[in-house]
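Undergrad: Sequence:
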Amino acid sequence: MKNIFALMLLLPICSALSGNENLPFTTTNADSLNVNRSFVHTQTMLSPNADSMLQEFQYFDGLGKPIQTVSQGISPTKGDLISTSAYDSMGRISKKWLPLHAQGNNGAFLSDPFNSTVKQYADNVPYQYTEYDHFPESRIILQQDVGEAWKRNPVHTQYLANDTTSALNCIRYQINDEGTLSEESVYDPGELRVIQTTDEDGKSLYTFIDKEDRTILNREMDGSKQYDTYYVYDIKGNLCYVLPPMYQESHDLSLYAYQYSYDNRNHCIMKKKPGDTNRYAYDKADRLIFLQNRLQQRQFEWIFSVPDQKGREVIKGIGISSSLNAPAISNVLVYAERHQGGGAMDTGYIIHDLLGMVSTNPKEVNYYDDYSFLADFESQPTRLSLEYSFKDFPSWLKNKEKEFSVPTLNPVGLQSGKRSYLDNNNYLLTALYYDKKGRIIQQRGTNHLGGYNIDFYSYTFTGLTKGHVHLHLDSDKNTVITEYYDYVYDNGERLKQVIYRLNGEQDTILSENEYDNLCRLKSVKLNNGTTALTYDYNIRNWMISIDSPFFKQKLHYTDGAGTPCYNGNVSSMTWQTASSGISGYKFSYDGLNRMKDAIYGEGNNLSMNLNRFNEQITGYDKNGNILGLKRFGQTSQNDYGLIDDLSLSYNGNRLLSVKDNAANSAYAGSFEFSNGADKSVEYSYDISGNLKRDLNKKITDIQYNYLNLPSLIKFENGSNISYLYSPEGAKLRTTHVTDKDTLITDYCGNVIYENGIPVKLLTEVGYVTLADAVHHYFLQDHQGNNRVVIDENNNVDEVNHYYPFGGVFASTSSVQPFKYNSKELDRKNGLDWYDYGARMYDAALGRWHVADPSSEKNYSNTPYGYCFNNPVTHIDPDGKQGVAIPTPYGPLPFYYPLTRTQSYNLPSDQQIMRHTSDKFAELGQMITDAPKMSYTFGSLLYYQVKSAVSPEYNHQRKRDRKAKENLDKNQANVANSIDTNVSGMMPNGDPAPKRDPNDKSKIGKAGKKVLIGSGIARTALELTTPDPTQDAYDAHTNQVVGKEEYSTNYIRDIFEWIIEQLKD
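Residue numbers (UniProt numbering): 1 to 1064.
Check each hint, because a few of them may be wrong.
[Stated by the list, open to error] Here are the computed lysine to aspartate or glutamate pairs in the EDC-like style, where the Cα-Cα straight-line distance is at most 16 Å:
1. 418 <-> 387
2. 554 <-> 781
3. 95 <-> 131
Since the hints were derived computationally from the structure, they do not count as laboratory data.
Using the sequences and the hints, build the whole thing.
TA: Structure representation (structure tokens):
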């Protein structure tokens, strides 16, 4: 795919482009637009013959500032989406209007979109407004989001200095000569900058910044109560201590603090998190080779990761050391090189200088560049099954074979295969095959049952998945299950249909998506279109309703029965099923947005049958550990009352005991806390912070693997549950043993076995029961909770209602285990844990029993808390980190709707220059390419280059550069504090490659080469660039697979000459 840019120019090179007008597509002529404005016209080809494309016009004012973007024909009805910006007298964006849908506009500039936008949204404020102070830095002091309600409730930012008052004082923590933490009174008034941000609901955050632009303190407020998180640096600027809020009440470093130690090369060699300690060792090339947690230290174990000569991880495993000390590899280059057959640990590699290991066991082995690793295996059936082939392609899909059988690519630089070792001493093999664009077209592998999983993929011209064939074969290579997915996209490359065929039977339309004219998901039709879920949104694009014949839900933010919330918290919600009336909750939150009360009610105003299923948090400690919880439920056939009245006690963040003061029990074995003990210590942990015993559930011992996943759970009555995982942490088998029977559940891809018999096949929207080949569909709420399960005849199989923290009301009979957040609930032996992948979740307590692997992204929160104690607006997709609930938008190539308050960034230096240097460079390539391309030119280049050197834009660019440098310095300080070789992450868990804060090599692209690739350009990328030193365009371009490089010397000379003329 290639992007074509039509630029309005007035240059001598115009004649060079006029020699050949045989273009491979139709280009919009400037005269046909009937505008006198400069613009950039971008065409993104969606097909090889250019008969379909995405088109965007970006219009500029006389100073070269972008004022309007028109995405031509992007809506489902092929109308335009028009986004308009307005600037204040200083050239700063002051208003950004919501996209206007215009039918028949054909990409033209709309001079007065404002009245139409007001009418379209039925709101007088369909724009974001930003107000700045009058200082040269142009700091934002007010941000008002779209909607009249938010005009009255904006986000305020104040720029202050510290003083001696309660809200603005700051303790001075320092690291003394011995390297230990000391408290040195407080900072002098005016020594620190303070930024106070107050959100739409009046909740404040204070950020204290020192003279080196380092964050010293984050202070959150709940009324007058302060929640302080301090950051302490050494003399080199390395982050050495993070002190969460509970440390301010109990000065115990081992229980609450995050501590980091470094070697003389600024590598993080030790990381002490609350309850655990990790140690690290690096080789001569500054690469992390060894990692060890506190439990492994007792066992002399180290996790090792060996790269090849190109720095790619090839072997990961566990080694036994002869010493408690870290391996002495700082002056050794550790690497592996390919060795045909045998090699170290029979991996096919020879390892150089993996010192200090008495024995080693591999867990993962990766192969690159070729498929010679297949010859290492003596088993001919296995080798043949993993080789590229279409012999096993389904005969009933022969008409599709051409679509999937594209030429393969020599995988130089790509991963060609993998060997994954299981805990039962077996291993899995995988081979990967690519097309010429580096996309996987075949994936062939063994599974833990001795069979094979084979996948075929096909793609659209732009790289979206078009088809997927999945084969599940038994150990005799007999096909057990064959699936075919056909993905259909609309004119905006939004997913329109998923067509499914199982074992050659009749096609089933699993889902059919419909989008509104703002490209938001409007409805999803399931089960061949017989059941529809429709969605509606407010002006801020927050979901407000889900509607279907079987399940309905309404979400209220600023209206409804609860207290209005303007910052995104849900104030109340209601739901209804075909067999029940309206039920719901009213929510309240504290100053840190943690849920306090969920008050249950029924009827339109939630005023009937009050309190039947309340869930209330009566207290949190400063780290967010729940201190008290009240839960109401059904106590008899006709009665409701208090079923849980819990008081929780802790040692640091670890749970010690739970006392239940409720006199009632839940009716008929319904969900409640299991109060099976009355001791001062009912929960105990291993030295890495993993739960070992739960006396309330009669759990006497829990054993974990090296990924901190439970491998064995033993119960007091002799029952046990054991688990088998892949090295990546995917659950492959669960074995439940009781005194009556044994149930073995195998998870083989999307096929679920019970005692060796395939019983269930998971699909993208539900599952198929294999005994009768009947489809079942999940109807979900805003969190992805499975509320209703229906079969292909629209019979209701199951109905679920949930407490906010995930407990299940007494409901219809359970026919399948996937419930809250669509996670599997294990109720056997009274376990009642949800399996999220990385951790198990206990909904009765609202907490995890293993520490958060991403706890450094949220220093101020307990590592055992669920979703920042806001389970209403957050979910945890995989047990690693809570995230705000994603709204079900389709893939939007051009329009990215806002879902939360955010900063309105000024155009960067890269953005300003991109339209001149990069597009100009691409024109330079067009000049030399054959056939020649012809365009109509105007005055765009003059205004763009002039704006790049005008006094106003010089000032703006200097301001942007300064902001950029400050950001880079902040990120560099943090990145230097925790060397990214530890995990590829910054202390907060974000990617942060090590960098020099003074390195400006990535700022600006004028006069540099341009990279043109096959990736589709999306403006949403501006919000998702992973590297703060890159703008989104750079990050995206550098990630494009199969990119081509073009010289820009000729066009650069012209560009520099024009700038010199304008300067004169």
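Undergrad: Take the hints in turn and mark each one as holding or not.
TA: Checked hints:
{"no.": "1", "hint": "418 <-> 387", "verdict": "holds, 13 Å"}
{"no.": "2", "hint": "554 <-> 781", "verdict": "holds, 10 Å"}
{"no.": "3", "hint": "95 <-> 131", "verdict": "holds, 9 Å"}
Taken one by one, the earlier hints all hold for this structure without exception.
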